[in-house]
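Colleague: Residue numbers (UniProt numbering), protein chains in the order written: chain A, 1 to 311; chain B, 1 to 282.
Quick caveat, the hints were computed from the structure, so don't treat them as lab data. Where is the CB? At the ideal position from N, CA and C, for every residue including glycine. Just so you know, not all the hints are guaranteed correct.
Computed spacing ranges between beta-carbons, pair by pair [stated by the list, open to error]: (1) A:Leu210 with B:His5: 16 to 26 Å; (2) B:Val11 with A:Gly81: 40 to 50 Å; (3) B:Gly67 with A:Leu121: 49 to 59 Å; (4) B:Leu13 with A:Glu72: 49 to 59 Å; (5) A:Ser154 with B:Ile48: 53 to 63 Å.
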Amino acid sequence: MSSRTQRPRRATTPRRRGLEPWLYLAPALLVLAAMLAYPLYQLVLVSFYDYRQPQVSGVEPLRFVGLDNYTELFGDSEFWGVLANTIGFAAACVLATLFVGGALAVLATRLSRWVRTALFLSALAAWATPAVTGSAVWLFLFDPSLGPVNQALSGLGLEGFEGHSWTYGKWSAFGLVGAQVVWCSFPFVMVTLYAGIRAIPEEVIEAARLDGASTPRLAVGILLPMLRPAMTVVTIQSIIWDVKIFTQIYIMTSGGGIGGQNLVLNVYAYQKAFASSQYALGSAIGVITTLLLLGITVVYLRSLRRNGEGL
Amino acid sequence: MRTRHLRRARVDLAGALITVAVAFPLYWMVLSALRPRSALEAGEASPITLQPSLESFRRVLYVDGLGQYLANSLVVAAAVVVGSTACAFFAAVALARYRFRTRTTLLIMVLVAQMVPVEALTIPLFFLMRNIGDAVPVLGLNHLGSLILVHTAFAIPLAIWMLRGFVAAVPRELEESAYLDGASSFTFVTRILFPMVAPGMVATSTFAFILAWNDFLFAKTFIISAQENQTLPLALLSFFKPDENDWGGIMAGSVLMTVPVLIFFMLVQRRLVSGLGGAVKG
Numbered sequence: 001m002s003s004r005t006q007r008p009r010r011a012t013t014p015r016r017r018g019l020e021p022w023l024y025l026a027p028a029l030l031v032l033a034a035m036l037a038y039p040l041y042q043l044v045l046v047s048f049y050d051y052r053q054p055q056v057s058g059v060e061p062l063r064f065v066g067l068d069n070y071t072e073l074f075g076d077s078e079f080w081g082v083l084a085n086t087i088g089f090a091a092a093c094v095l096a097t098l099f100v101g102g103a104l105a106v107l108a109t110r111l112s113r114w115v116r117t118a119l120f121l122s123a124l125a126a127w128a129t130p131a132v133t134g135s136a137v138w139l140f141l142f143d144p145s146l147g148p149v150n151q152a153l154s155g156l157g158l159e160g161f162e163g164h165s166w167t168y169g170k171w172s173a174f175g176l177v178g179a180q181v182v183w184c185s186f187p188f189v190m191v192t193l194y195a196g197i198r199a200i201p202e203e204v205i206e207a208a209r210l211d212g213a214s215t216p217r218l219a220v221g222i223l224l225p226m227l228r229p230a231m232t233v234v235t236i237q238s239i240i241w242d243v244k245i246f247t248q249i250y251i252m253t254s255g256g257g258i259g260g261q262n263l264v265l266n267v268y269a270y271q272k273a274f275a276s277s278q279y280a281l282g283s284a285i286g287v288i289t290t291l292l293l294l295g296i297t298v299v300y301l302r303s304l305r306r307n308g309e310g311l
Numbered sequence: 001m002r003t004r005h006l007r008r009a010r011v012d013l014a015g016a017l018i019t020v021a022v023a024f025p026l027y028w029m030v031l032s033a034l035r036p037r038s039a040l041e042a043g044e045a046s047p048i049t050l051q052p053s054l055e056s057f058r059r060v061l062y063v064d065g066l067g068q069y070l071a072n073s074l075v076v077a078a079a080v081v082v083g084s085t086a087c088a089f090f091a092a093v094a095l096a097r098y099r100f101r102t103r104t105t106l107l108i109m110v111l112v113a114q115m116v117p118v119e120a121l122t123i124p125l126f127f128l129m130r131n132i133g134d135a136v137p138v139l140g141l142n143h144l145g146s147l148i149l150v151h152t153a154f155a156i157p158l159a160i161w162m163l164r165g166f167v168a169a170v171p172r173e174l175e176e177s178a179y180l181d182g183a184s185s186f187t188f189v190t191r192i193l194f195p196m197v198a199p200g201m202v203a204t205s206t207f208a209f210i211l212a213w214n215d216f217l218f219a220k221t222f223i224i225s226a227q228e229n230q231t232l233p234l235a236l237l238s239f240f241k242p243d244e245n246d247w248g249g250i251m252a253g254s255v256l257m258t259v260p261v262l263i264f265f266m267l268v269q270r271r272l273v274s275g276l277g278g279a280v281k282g
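Sequences and hints are given; from them, build the entire structure.
Modeller: Printed below as a string of structure tokens:
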């Protein structure tokens, strides 16, 4: 750009140029302030008050209680159980997702063209499936009497599976939800890592193969270090998704399982607020979830910056 | 040479089996939606159905009124796409074509806003919608407007981030000559920049569409008593009955809900790789 064409514009309308970007920003900022920033502020604020049904309907006045909601949560063994569920479930899902996605990305590089295309199309379809319908379909697959899984298992002579409920036991219910979560989130890992592998020069892999490196060795010793940036992105993204899981748990375990055995933080907060009208307690749980994810996000942003994806 | 062929065939076979396993749930969904109700409830589990029937689709559309909920979901998604893309486009113009002091801060805020766990905001948003509803009923609880508002907001940060690159790519000279021809900034942005950036908007609109279309939590929280304003995911959930689930209806509804997303996904599949997929699943 030449300074010759720029000068007259600057000279004629200096003040308008200063305001202009803010006019363009206004609609987006207004919506974000009202629907994201303000609720976030309210979430924190409410968590410091006594806010239940009487306060909502105005029968009793609002009362500031400081950190009472948090001390109540921290003194409740149920909360620690839910927190442990959330972290354990997310960790298991993330590991399984990364393993399946990574293994299939490596496998994809060795497949014939048409098999690979078929694999990618089916993975893309699983990825695209909305959480609600994915949950419904997986519930049906594992339905005690009508589901094909139990029918096939009992058809194989395993009679214990006739009418077996997969959502009754705590671990089996978590396992079923986890399988659904892995099914719909491994494609993102696979596609991203596959693109990463493709970006590695062919000669590097050829040379390693000529040196007699086995496939697992090739994967761990050469591909993994070169894939680190892509690995960071998919790991953190998977952690974020799986920590804030709601829909699958809510639908597949009917709102948190028998006696709340399958509750995770987001479902717990929802139940506290909208099932038992303890809005302040629910908000406090929301704040804790937010802080947990904020910590992960900070790590994410740092790693993005290290990888040179600056602003 | 022969062992290499054999190995290749073995790997391909493994790949094909995995493909079948991954696609199986969706295949079973379509199959069960097409299976006659009597066969489905008798527990028939053959891998094909000899008498495909549209009975389940007809039942959910005409008896359970799923058509209305489908329309509701489409209205919400369309409004969110238009609203968020428009807001994000103008914001991207400001962030990509102007230099001002708080620009970098705003960019970081956009990035951080993408990471806010919106699920945690259900409680304050519920009360916000209740208050808005007192003033403007159509934007409050039990109305589609409340869903449109929140999802527009949630879609904006990623959309800004994606459109920024497209807006910045339009050459500066074009802007200079437009000004020399006497165009105002707004004319340049709407008449010249907008059509040039439109291809990039296909991808952002897809993400916004999926975000709004897949939402379950906010629809469940906001649409409490107005059954006529439910969206597809809620309607689907209402088919789950404690005593006996109407699986044929659930599967038919699932097909109707999945197909639009599949189409959109296939449209933008090439753009999914660059790490943008993060926003798709919530």
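Colleague: Now tell me if each hint is right for this structure.
Modeller: The hints, checked one at a time:
1. A:Leu210 with B:His5: 16 to 26 Å: With Cβ atoms ~20 Å apart, the hint holds.
2. B:Val11 with A:Gly81: 40 to 50 Å: About 44 Å separates the Cβ atoms of Val11 (chain B) and Gly81 (chain A), which means 40 to 50 Å holds.
3. B:Gly67 with A:Leu121: 49 to 59 Å: Given about 29 Å between the Cβ atoms, the range is violated.
4. B:Leu13 with A:Glu72: 49 to 59 Å: 57 Å, holds
5. A:Ser154 with B:Ile48: 53 to 63 Å: 21 Å, violated
Hint compliance for this structure: hints 3, 5 are not met, and every other hint is.
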